[in-house]
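K.L.:
Now for the letters of each chain:
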Amino acid sequence: MNYELLGITVLWIFLYGYLIVASVDFGAGFFSYYSEVTGNKQLIQPIIERYLSPVWEVTNVFLIFFMVGLIGFFPDTAYYYGTSLLIPGSIAVILLAIRGSYYAFSTYGAKNNRFYLFLYGASGWLIPASLSTVLIISEGGFIEIVNGDVQFQYMKLFTSPYAWTVIGLALISVLYISSMFLTYYAYKAKDHKAFEIVRKYALTWSAPTIIASLLVFFAIQNHNLEHFERMVELSWMFVISFICFIVAVYFVWKRKNLGWAFIFVMFQFAFAFFGYGASHLPYILYPYINIHEHFTNQTMAIALVTVFILGLLLLVPSLYLLMRLFLFDIKYVQGHKNPPK
Amino acid sequence: MFSSYDPVIFSRILTSLTLIFHIIFATIGVGVPVMIALAEWIGIKRNDSHYLLLARRWARGFTITVAVGVVTGTAIGLQLSLLWPKFMQVAGQSIALPLFMETFAFFFEAIFLGIYLYTWDRFKNKMTHFYLLIPVVIGSSASAFFITIVNAFMNAPQGFDIDAATGKIINVQPLVAMFNPATSTKVAHVLVSAYLTSAFVLAGIAAISILRGRKHVYYKKALKLTMVAALIFSIGTAIIGDLSGKYLAQYQPEKLAAAEWHFETTDQAPLIIGGILTEDNEVKYGLEIPLALSILAHGSPDAEVIGINDLPEDEIPPLWIHYMFDLMALIGVTLMLISLTYIIGQKVGRWNVHNKWLLRFIALGGPLAMLAIEFGWIFAEVGRQPWILRGYMKTADAATTSSHVDTMLIVFSLLYIVLGFTCVKVILKMFKNYPAEEEIASKGGKL
Chain A
1 MNYELLGITV
11 LWIFLYGYLI
21 VASVDFGAGF
31 FSYYSEVTGN
41 KQLIQPIIER
51 YLSPVWEVTN
61 VFLIFFMVGL
71 IGFFPDTAYY
81 YGTSLLIPGS
91 IAVILLAIRG
101 SYYAFSTYGA
111 KNNRFYLFLY
121 GASGWLIPAS
131 LSTVLIISEG
141 GFIEIVNGDV
151 QFQYMKLFTS
161 PYAWTVIGLA
171 LISVLYISSM
181 FLTYYAYKAK
191 DHKAFEIVRK
201 YALTWSAPTI
211 IASLLVFFAI
221 QNHNLEHFER
231 MVELSWMFVI
241 SFICFIVAVY
251 FVWKRKNLGW
261 AFIFVMFQFA
271 FAFFGYGASH
281 LPYILYPYIN
291 IHEHFTNQTM
301 AIALVTVFIL
311 GLLLLVPSLY
321 LLMRLFLFDI
331 KYVQGHKNPP
341 K
Chain B
1 MFSSYDPVIF
11 SRILTSLTLI
21 FHIIFATIGV
31 GVPVMIALAE
41 WIGIKRNDSH
51 YLLLARRWAR
61 GFTITVAVGV
71 VTGTAIGLQL
81 SLLWPKFMQV
91 AGQSIALPLF
101 METFAFFFEA
111 IFLGIYLYTW
121 DRFKNKMTHF
131 YLLIPVVIGS
141 SASAFFITIV
151 NAFMNAPQGF
161 DIDAATGKII
171 NVQPLVAMFN
181 PATSTKVAHV
191 LVSAYLTSAF
201 VLAGIAAISI
211 LRGRKHVYYK
221 KALKLTMVAA
231 LIFSIGTAII
241 GDLSGKYLAQ
251 YQPEKLAAAE
261 WHFETTDQAP
271 LIIGGILTED
281 NEVKYGLEIP
291 LALSILAHGS
301 PDAEVIGIND
311 LPEDEIPPLW
321 IHYMFDLMAL
331 IGVTLMLISL
341 TYIIGQKVGR
351 WNVHNKWLLR
361 FIALGGPLAM
371 LAIEFGWIFA
381 EVGRQPWILR
391 GYMKTADAAT
401 TSSHVDTMLI
411 VFSLLYIVLG
421 FTCVKVILKM
431 FKNYPAEEEI
441 ASKGGKL
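In the order they appear, the protein sequences are chains A and B. Under the UniProt record's numbering, residues 1 to 341 are what the first sequence spells out, in order. Under the UniProt record's numbering, residues 1 to 447 are what the second sequence spells out, in order.
Treat the hints with caution; some may be incorrect.
With a straight-line cut-off of 30 angstroms between C-alpha atoms, the simulated DSSO-like cross-links for lysine-lysine are [stated by the list, open to error]:
1) A:Lys188 x B:Lys124
2) B:Lys215 x B:Lys356
3) A:Lys41 x A:Lys193
4) B:Lys224 x B:Lys86
5) A:Lys254 x A:Lys111
6) B:Lys45 x B:Lys246
7) B:Lys124 x B:Lys221
8) A:Lys111 x B:Lys443
9) B:Lys429 x B:Lys356
10) A:Lys254 x A:Lys200
11) B:Lys425 x A:Lys41
12) A:Lys41 x B:Lys356
13) B:Lys215 x B:Lys425
14) B:Lys126 x A:Lys111
15) A:Lys190 x B:Lys124
16) B:Lys221 x B:Lys429
17) B:Lys356 x A:Lys111
18) B:Lys356 x B:Lys220
19) B:Lys45 x B:Lys126
20) B:Lys221 x B:Lys347
21) A:Lys41 x A:Lys190
22) B:Lys443 x B:Lys126
23) A:Lys41 x B:Lys126
24) B:Lys432 x B:Lys443
25) B:Lys86 x A:Lys156
26) B:Lys425 x B:Lys224
27) B:Lys347 x B:Lys124
28) A:Lys111 x B:Lys86
29) B:Lys221 x B:Lys126
30) B:Lys425 x A:Lys111
31) A:Lys200 x A:Lys41
32) A:Lys254 x A:Lys193
33) B:Lys425 x B:Lys220
Treat the hints as calculated values from the structure; they're not laboratory data.
Looking at chain A on its own, in the form it has when it is part of the complex (with noise of 0.2 angstroms):
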């Protein structure tokens, strides 16, 4: 494997990370509210503020990881990007500071400030559907280079089709994933009454997800059909990922296995986020930009990939005593050891 293909490889696999983690960390924010809500606080927020609590900030790290990483090892992309998501990326920046702060601020200040809870929930759901105009962008025809200088087009992304499904892909995803975590976690507490409500969620948005999934797959036959010729040819990986799906829900449904069913749904996503990962090279900007004539020094490659080595070395066994100790620890999960006043 050359360098170019496994820095894009690794970046594109803290992505993956990002995109379940935070999926369940922003689906469970906007639960969290939608229970309050409809008069379900009592139940189920206990058993999302268990596992939320500890874990939130790590969340952010995937995502500046990547970023970083990406300006590293690909340092156009700044350029590209950079000019081209003022607006877009502003919008994330902003989202992403409202939902870590009054998370935090309703965590841990004021628990029962019910504004805060709606601010933290709302805007946690929407950051998906912001940082997706970047893979939206990443399609082509949303750029213009006039006089040598980056010009974005708002109109065109505004009217654009194949955008509105990725962000309505975007927005169910994560309810999906999150209450098919939740349902996970509910149930290893033993916490049957929060189990039986966000088992509901979870199947609820289930159908969904698979046909906003199917919009999104045809919709970049109109936009982009390079690459949706390149996505027929792994579509493999789309069927293994939709039988992925078929388990989980199974799973999910008979009540059984809640373990292997969340399992599945991360191999649901893993398979269509790799799918679509694959076959999008080597362009990670169509056509600007592309892994192989856009990659970063021979030295500076060397550098990084070696610092990921050491840096892995150090988080993971970091990670796993982190989950040991909140999400693998039974007396912690079922509210045994509760996290002080």
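Chain B: place on chain A using the hints.
P.N.:
Coordinates of chain B only, in the frame set by chain A:
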């Protein structure tokens, strides 16, 4: 807003705004873990529950500031690419390594902070919980270390060549770029001043509590711990500040000359404090300390210091940075004197260190220290102008060409106002609703 839209100006204002806001939380984020660690360690060693409670309460407030620090850090991380795309294109090729390392340091810190905050009383051995804080301290200081390296690189870039024919960056040496001449002094100055500021902010909180009539020994212990730390860190800051002056004299003479209003190249150069500048660049009403600039710049009263008139005219930063430098240094000295007075008072024993005036000065020291951080960064950044990458790329050539930066400026201003306001409100409410006395009592302690 203005008659003609200039994305460079708006990008500069927006970046300054984000940094001015972020640096408050970043400074607390770097310094407070050190103070929490000190308190918890003393608490365990002396078996004193007051210090443990101190660590616990500081940590609780810290979670709020960390959240704002994280999100504004994310903001500046993204804004660098959004507002300075051409700079990041070059930075990506030459100085990506510490940026990348910073994400790991931050990751490490974030994981252990989550663990630390939720594992009070979960371990039999109290030291286990203390050990969980060590990665937080290391991670937060390492984050500052790596990010400051990037800033040092902007001041003293090295470790790459530019191909004369194509203009492309070649011969990149990432480690040489990281350990440039500015790195050591800059990193040390940022770290120690962050520790100093955090110590003073926490001391200020204790001082205000005592001023408001809280009599519990808890507050006095808090004050003593933070004041001892503040004295040590303020001496450290002063020494490193002096070394920074020597760095500037050698590598960025234009920054030093502009900061000190030093026009003619001379030996035995005096240091000018304050004053105003007339239209023909004469200094009036300034306080002149003979020989001091030569000593600051080169460690010898006879050393020659290059003046503004002997430097290229279009590479001189704005001369108002003189005030930023003076205010920063003045506050630094003031903080040292305040903490020194307290410590001497403690040692002598006959003085009442909790007298109203000293407490008022300590309380004032917190905001003053934070202001010094702001002045120092404004001095550092404006003092590098017109360059974004000294000698290679001018700020004006690095900015985005995008429209709407002005709109973004308004939107982000509102965001920071709202965030800052809520943050203060939430922290105040948090501690008002649950005063230390109540918490001590709830844990079975004496009042």
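K.L.:
It remains to establish, for every hint, whether it holds in the given structure.
P.N.:
Verification of the hints:
no., hint, verdict
1, A:Lys188 x B:Lys124, "holds, 26 angstroms"
2, B:Lys215 x B:Lys356, "holds, 13 angstroms"
3, A:Lys41 x A:Lys193, "holds, 12 angstroms"
4, B:Lys224 x B:Lys86, "violated, 49 angstroms"
5, A:Lys254 x A:Lys111, "violated, 36 angstroms"
6, B:Lys45 x B:Lys246, "violated, 41 angstroms"
7, B:Lys124 x B:Lys221, "holds, 26 angstroms"
8, A:Lys111 x B:Lys443, "holds, 22 angstroms"
9, B:Lys429 x B:Lys356, "holds, 25 angstroms"
10, A:Lys254 x A:Lys200, "holds, 12 angstroms"
11, B:Lys425 x A:Lys41, "holds, 25 angstroms"
12, A:Lys41 x B:Lys356, "violated, 49 angstroms"
13, B:Lys215 x B:Lys425, "holds, 25 angstroms"
14, B:Lys126 x A:Lys111, "holds, 29 angstroms"
15, A:Lys190 x B:Lys124, "holds, 27 angstroms"
16, B:Lys221 x B:Lys429, "holds, 23 angstroms"
17, B:Lys356 x A:Lys111, "violated, 36 angstroms"
18, B:Lys356 x B:Lys220, "holds, 14 angstroms"
19, B:Lys45 x B:Lys126, "holds, 10 angstroms"
20, B:Lys221 x B:Lys347, "holds, 15 angstroms"
21, A:Lys41 x A:Lys190, "holds, 17 angstroms"
22, B:Lys443 x B:Lys126, "holds, 16 angstroms"
23, A:Lys41 x B:Lys126, "violated, 35 angstroms"
24, B:Lys432 x B:Lys443, "holds, 18 angstroms"
25, B:Lys86 x A:Lys156, "holds, 25 angstroms"
26, B:Lys425 x B:Lys224, "holds, 27 angstroms"
27, B:Lys347 x B:Lys124, "violated, 37 angstroms"
28, A:Lys111 x B:Lys86, "violated, 44 angstroms"
29, B:Lys221 x B:Lys126, "holds, 20 angstroms"
30, B:Lys425 x A:Lys111, "holds, 13 angstroms"
31, A:Lys200 x A:Lys41, "holds, 15 angstroms"
32, A:Lys254 x A:Lys193, "holds, 16 angstroms"
33, B:Lys425 x B:Lys220, "holds, 25 angstroms"
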